[in-house]
Each structure stands twice: as structure tokens, then as C-alpha cells.
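Student: Chain by chain, the residues:
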Amino acid sequence: MAFTIEAEVLGDLGKVTLIGELDGSTAPLFKEKIEEIAKAEIKRLVLLMAELEYMSSAGLRVLIFAKQKMGTSVNIYIVGAQEMVQDTIDQTGLHQSFYLVDAFDFTT
Amino acid sequence: MERIDIHPTHEINGRKLRCGQPFPFGAMLVPGGVNFAIYSSHASSCTLVLFNKKEPQPFAEIPFPEAFRIGNVFCMTVFDLDYENLEYGYRMDGPNNFQAGHWFDTSKILLDPYAKIVSGRDVWGVQPDWNDIYQHRGRISFDDFDWQDDRPLDIPLEDMIIYEMHARGFTKDESARIKDSHRGTFAGIRDKISYLQELGVNTIELMPIFEFDEFENSRRHPETGELLLNYWGYSTVNFFAPKAGYAATGKFGMQTDELKTLVKELHKVGIAVILDVVFNHTAEGNERGPTISFRGIDNKTYYMLTPEGYYFNFSGTGNTLNCNNPIVRGMVLDCLRYWTAEFHIDGFRFDLASILGRDPWGFPLANPPLLETLAFDPILARSKLIAEAWDAGGLYQVGSFPNYGRWAEWNGKYRDSVRKFIKGDLGLVGEMAQRIQGSPDLYQAAGRPPSTSINFITAHDGFTLADLVSYNGKHNEANGEHNNDGANDNYSWNCGIEGPTDNIYIQALRHKLMRNAMAILMVSQGVPMILMGDEFGRTQYGNNNTYCHDSPLNWLNWNLLEKEKDWFRFVQYCIAFRHAHPVFRNAEHFQNCDYLGTGYPDISWHGVQAWHADWSATSRVLAFMLCGQHAKGGKVKDNQIYVAMNMHHESLWFNLPEPPLGQAWYVFANTGAKPPEDIHWPGSEPRLDSQSGLLVGDRSLVILLAK
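Sequences listed follow chains W and E, in order.
6 is the number of the first residue of the first sequence in this note's numbering; add one for each residue after it.
399 is the number of the first residue of the second sequence in this note's numbering; add one for each residue after it.
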């Protein structure tokens, strides 16, 4: 399955939608978007993953990169991750660095 | 100004290259590419073989140009590689002459000894493709784990309580009641951290977790048809890679992250991690074994060979790693530094460590360079170094392992003395006095502290504690070797009936002996180690060598925890008692005198009469008292503790020594009493009725403290 990514900045919030399979070949696109968003002064980064089917170690590393790039003052939300993706995040211990939530209320 | 060393200088078959860095060995990410460096002193040429993940055929083979060999190291940087999906190996050319010790064969693709991830056995127990031309494939790892402020815990050795466990067996059984995908994995151990806290141990020792092949020598049992695997894993394929099959994420190649997460989470709650490491031999076996790595890269460097070219077999498993060759020594050092710095491992237990002190011809060295190097290494400076101080070649060094003030030992003599004593053998009291004091007879003269002695009664090798009191002899038929394997000197006693029984008297006696064993272990100077599952009565049905069973015989049955809750409670309280009382955890040996002027010697010996121990050959009785004011050499204050051990088959009245002025005796444990009166939570011990003496039941032990 192909990979698509959309990113936008809404005030102090960064919103990224990931669809398809995130692996070594597609992770650089994710990383590029993170770098773009990092230029804006955001306080929250929301990663919508409901339609992300698979994440390889390359994808995990972009998550680590995002965390380090944004710094500790930015909270990162992983929204609606499918079980396989959530398992991978959990088993590798990354769950502690992110907020794993089922849904995100953009009105707050 | 841009660096010039990130640009290719050569091109072979369209691949962009430049001469690489000879150090460090292995495959390392560098700007724009991957640096490959591998040592061979006898190879005439070397070719790098590159695969895409799981592909049957390589996509590229790149011979190292002559100019890319520095000394005996082939080094090359290859640019523009998809390193996430890359698997790499080598072909080595050179002499093929058995007697001369050379096994070069360009038809074999060889695993880099310094590979940090190895694929090929990604999910435990899944049959590999035996036609694959490259079975164990090197991969590239990333050192970007987020450790935050974690580092090795640095718990003083004498304060450790070690729990020896099998990474898979701990949670593989359904009764572990964790997520299915976590069962038998590092993630599963993480799910059970709160249990380890409840038990109270502060160190886990993982049986081998370096990449090994569970299918090595796999076979069907001739009668039962059971598939027998290399379950324990004492046969290393690669020394730098964690076993993929022990990780829930192994199928994604993320085993390093999962293991690091486990270590970090354990450290957060104060639990240290020791690895059981097997440097004495490798999975390549003897002359008939597979060529995986070392044999094809530099057989003569890595292995001890006879003048005829055969493998020396001091390990009992086919070959012997040539540990005191400077190259191999360097690899062992690099390996341990890597696990310490990159995985924050707290220490290492060396399997058949006496081999590490042999010279290339097998003779024991007086001053083995490897052991000395490890003892004085700056990165390993705070790592625990624990030797299994014997080998299969007959070298037995308990008490004499070359130590440089650093090495501790699995004390096999402690195990044997306590086993014999608790089953009522005669002539043991003198020996027991030594074992309880941290075996000064073995260590004090050489200036080695009590914590040199890793005290254990059971370990993975041998009976479980429940089996030790349920079987007179081993029952290893399930191993398919006609009960010829496994130790014969078990010093065990079945208490009247071989194996399981409904006889409640025998069941009670067995539990009493188990309580005696655990209590003695926890009040002995030195470092106690308990075996996974002994705390709730795990049985192997009399099998004392379960190396080949990936089955409920080896998997921890957590249902026993409910069934054996009184016994579990006893173990848990004993552990808490040891933590509560520094007087059991001295850093120096007792002087058997009152060097602080407290009115009591640091340790004193008693019998049925206070101040009179019966040291005769027919005695089964010994009591001792620890002076709390001498705890940790007088640096901390603790209670006076009195322990009476009656291993005689009749009850005996013990007259008690006086407690310190103004204090009275309180009962912490009495293994002759029925639960819950057998033990009390530290701090809530009841006062002893008669302060002048007490009746200690047959084959029973009592622990008192004064307050």
C-alpha cells in the first residue's frame, strides 16, 4: 500500500495525517514534514495514525527524531493508532514519550 | 566547509566506495554510507555480500580492493545503501587446509562477528528455510535509543539478591496472563516487573540472550516424538546481537529497542540486570558443525586447535574459543563494553569461566590476560564480574579463580554444603559455619570479600528447589539420552517417596526443608541467588538438565503462585528480612571477635547450649548470633540476630544467649511452625514466650532478633 502524508499548522498546533505503510522508503517524507513543522512555534503536535497500516523501525526513529527536534515543551499526541502500530510503539518503550489517545479534540 | 571524506573515490559495478575506517570493527553508519571493517589474519581476499531483507540472493557482491586492506583489516565505506533493509555478510578466500587449521571457502557467506543485529531466526521456533544460502544475517543497528538519565545502577554486590531467569520461560506459559504477543519475550518480562518488586529481588540474571539458534542440534525424541530444541541457548551465534526470538518486535528487527526498554524500566524500580555470557565456545561446534562466522573468517585465530587441526573441547560442546589470543580477547572486551555502554547492563556471569584462563593450548595460565583486562577495564570498572569457576575440561577453580580483586564466583561448594546439611548428613557443621560466613575458608586468605561468594542452592543447571526435596535421583528420560545426561551428585532427598505424593506428612516435610534452605540462603554472608520459580515451588519432575525442552516442563507455571501462597510468602518475607538487616550484607569478613567493644563478637557460635557449639562429626546442630552493632564493620546499627538450625530428626531444646541489655528476643521465622506462624513481616515479629530458651522442632530452623 502506498504512503501519503499531509501536514498543516493550525495556530500553535501541528497536525500530521499518516496513511498507508511507513517504512524505510517512506520515512524520509515523514521526517521532512516534521522538520517543516518544527520551524513553526507549536506547542502541540498531533499525529493522526488511524489509517496507518504498518510502521517499521525507520518510522519509529522519525518519532524519536520528532521528540528530540520539538523538545520537551511540545506534547506529541499519537491518535487512533491501530493495534500493530500501537504494539510496536509500546514494546519498544516509546509509549512513555508520547500521549497515545483514541481521539483528539481539536477545539480545545 | 564540507568534509571530503563523505565522497566516494572508487566505483565497482556501479557501487560508490572509498577506503573505510579500520576501526571500529563491524558495520557502522557514516555520513552518506556504511563503513564495513572486518579482521582476518589469514584471508587472502574478502568480498562484501549485500542482500535486501529476506531476499534469497544477494543484490551485490563487492570485492575489497587491495588498497582497502590495512594490516589485517578489510575496510570499506559503501555509499547510498538502504541500510534499513540491508543484510550483509562476507566471503573470505584463503588456504583450505584442515591440519593447518584453515577453513577458507568462498562458497560460504559469513556472519560478521561484530554484527549488532542478526536476522534469520526472527521469531522463536519458526522453522527456518534450510536451503537459505545465508542463515544468520548481519544487520545494521542504530544507537539512538532514548535512555534519558538512565545508567547502570551500581548496587553494591553484597546488597544484591539475584533472580536467575530464562527470558522465554519466565512468561511463555499461558498462566502468565499477559498479552499473547508478549508471552516469552523481553516485553513479557517488562509486564512482570511489578511481580519482581513484590518478590523483592533487586537483580535479575538472564540466561543467555545473545543470538543463538534454537534449532541447533534440534531433534525428535525417539519415543515421545517431541521436538527438542536448544532452549537454554548456551551456544552463541553472535556476541553483540540480542536474540531476536526473545523480542515481540524481533520480526521487525527491533529487538535492541525492546531489550533496552526492559533494562530502562527495570532500572527505574531499582532492579539491576546481569547477563549470563558464553564466551567459552560458539554455535559452530566441532569439525562436523556448520560454518556460520568465525570458522570461515579466521579459524586459527578464533578457536583452540590441536596440532592435527581438530577442535579442543574444554567446553564439552565441540569447540573452545581461543580467548587468550589478543584478537579474541579484544572481541570479548569490545563486546562487554558494548553491552555496558549501549545496553546499560549491570554485570556479567561468565559461563564455564575457567576456560577464559587457559592458554591457546589449553593450559591454565597463572595470570590470564583476558581476565586481567576485564578486571581493569575503565568502562567495565563498575560492572559485576561473576565467574562460573570451572569448565568441562576438569579445571575447578572455586576459591582460586584469578580475580584481581574484582571477580566473584558461583560458589558450588556453598550449594553442596547446604544441600547435604539440610538433608541431615553428618559432619557438616564446620563447613556450614564457613558457608554462612561467606566462605572465608575459600576467599579470606586471598583478601577477597564475602561478596566474592555467589551463594546458591539451585540454578538452571540441576534440580529446582521443589525437586531437590522430592527426588533422590535424576529423571532425564525426556531428554532422549537414556538418562545419561545431567549431574549425578545432586545431594537431594525425596523425603520418603520419589516424586509427587498425596502424603501430607511428606508434603509438609518437603516444605519444611525448602524453608530451611531459603532461610539459610538469606542469612548467609555473600550474595544470594535464587532460581526462577523456586519461590512458588516450580518442578521439572526430577529432570535436572532441561536444556532442550521448549515446553511447560521449562515454562514457569504461574498458577502455582496461588497454590503455594504460603511458601511464596515465606520466600518474600525472607528476602525482605535480608534487605532490612545490613548485618547479613557485610562488605568485610567477620573477625570472630569483638573488635568494637560492644560486649559481643561480630559472630558467635552456639548449640543447644548457648556459647557452646557442637563441632563434632556426629552433630547436625548449629546456631549462631550476629552482633548488630558490628553490621557493615560498625558503620551502621542493626539488631542482634540469632539463628538456630536443628537438622536432627528430633526436636531439641536450645538455651539462648542473653540479648543485649534492656532488649528481648522476637521471632522472625520458625520453619517448624505451621503457616502463618512460620514467618512474620519484618518489624512485626512477636515476642518469644520464654526468653531463656526454645524448642526447635525436628529438621527446623528458627530466626530471632533482639529489640
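Since the hints were derived computationally from the structure, they do not count as laboratory data.
Be careful, since some hints might not be right.
Think about it this way: if two alpha-carbon atoms lie no more than 25 Å apart in a straight line, the pair counts; the simulated SDA-like pairs of lysine to any residue are [claimed, not checked]:
1) E/K662 <-> W/T77
2) E/K577 <-> E/P550
3) W/K44 <-> W/F111
4) W/K36 <-> E/Q546
5) E/K698 <-> E/F761
6) E/K414 <-> W/K74
7) E/K649 <-> W/V14
8) E/K649 <-> W/E88
9) W/K48 <-> W/S30
10) E/K811 <-> E/W528
11) W/K48 <-> W/A7
12) W/K74 <-> E/E740
13) E/K452 <-> W/K44
With the Cβ distance kept under 10 Å, some of the chain W side facing chain E (calculated, not the full set) [as the list claims (entries may be wrong)]:
14) A63
15) I69
16) L99
17) D110
The structure displayed is predicted, hence computed values, not measured ones.
Backbone N, C-alpha and C define an ideal beta-carbon position, used for all residues, glycine too.
Student: For every hint, state whether the structure bears it out.
Tutor: To see whether the hints hold, each was checked on the structure:
no., hint, result
1, E/K662 <-> W/T77, "holds, 19 Å"
2, E/K577 <-> E/P550, "violated, 29 Å"
3, W/K44 <-> W/F111, "holds, 21 Å"
4, W/K36 <-> E/Q546, "holds, 22 Å"
5, E/K698 <-> E/F761, "holds, 17 Å"
6, E/K414 <-> W/K74, "violated, 31 Å"
7, E/K649 <-> W/V14, "violated, 35 Å"
8, E/K649 <-> W/E88, "holds, 16 Å"
9, W/K48 <-> W/S30, "violated, 29 Å"
10, E/K811 <-> E/W528, "violated, 44 Å"
11, W/K48 <-> W/A7, "violated, 30 Å"
12, W/K74 <-> E/E740, "holds, 22 Å"
13, E/K452 <-> W/K44, "violated, 39 Å"
14, A63, "holds, 5 Å"
15, I69, "holds, 6 Å"
16, L99, "holds, 8 Å"
17, D110, "violated, 28 Å"
Of the hints listed earlier, those the structure fails to meet are numbers 2, 6, 7, 9, 10, 11, 13, 17, in rising order.
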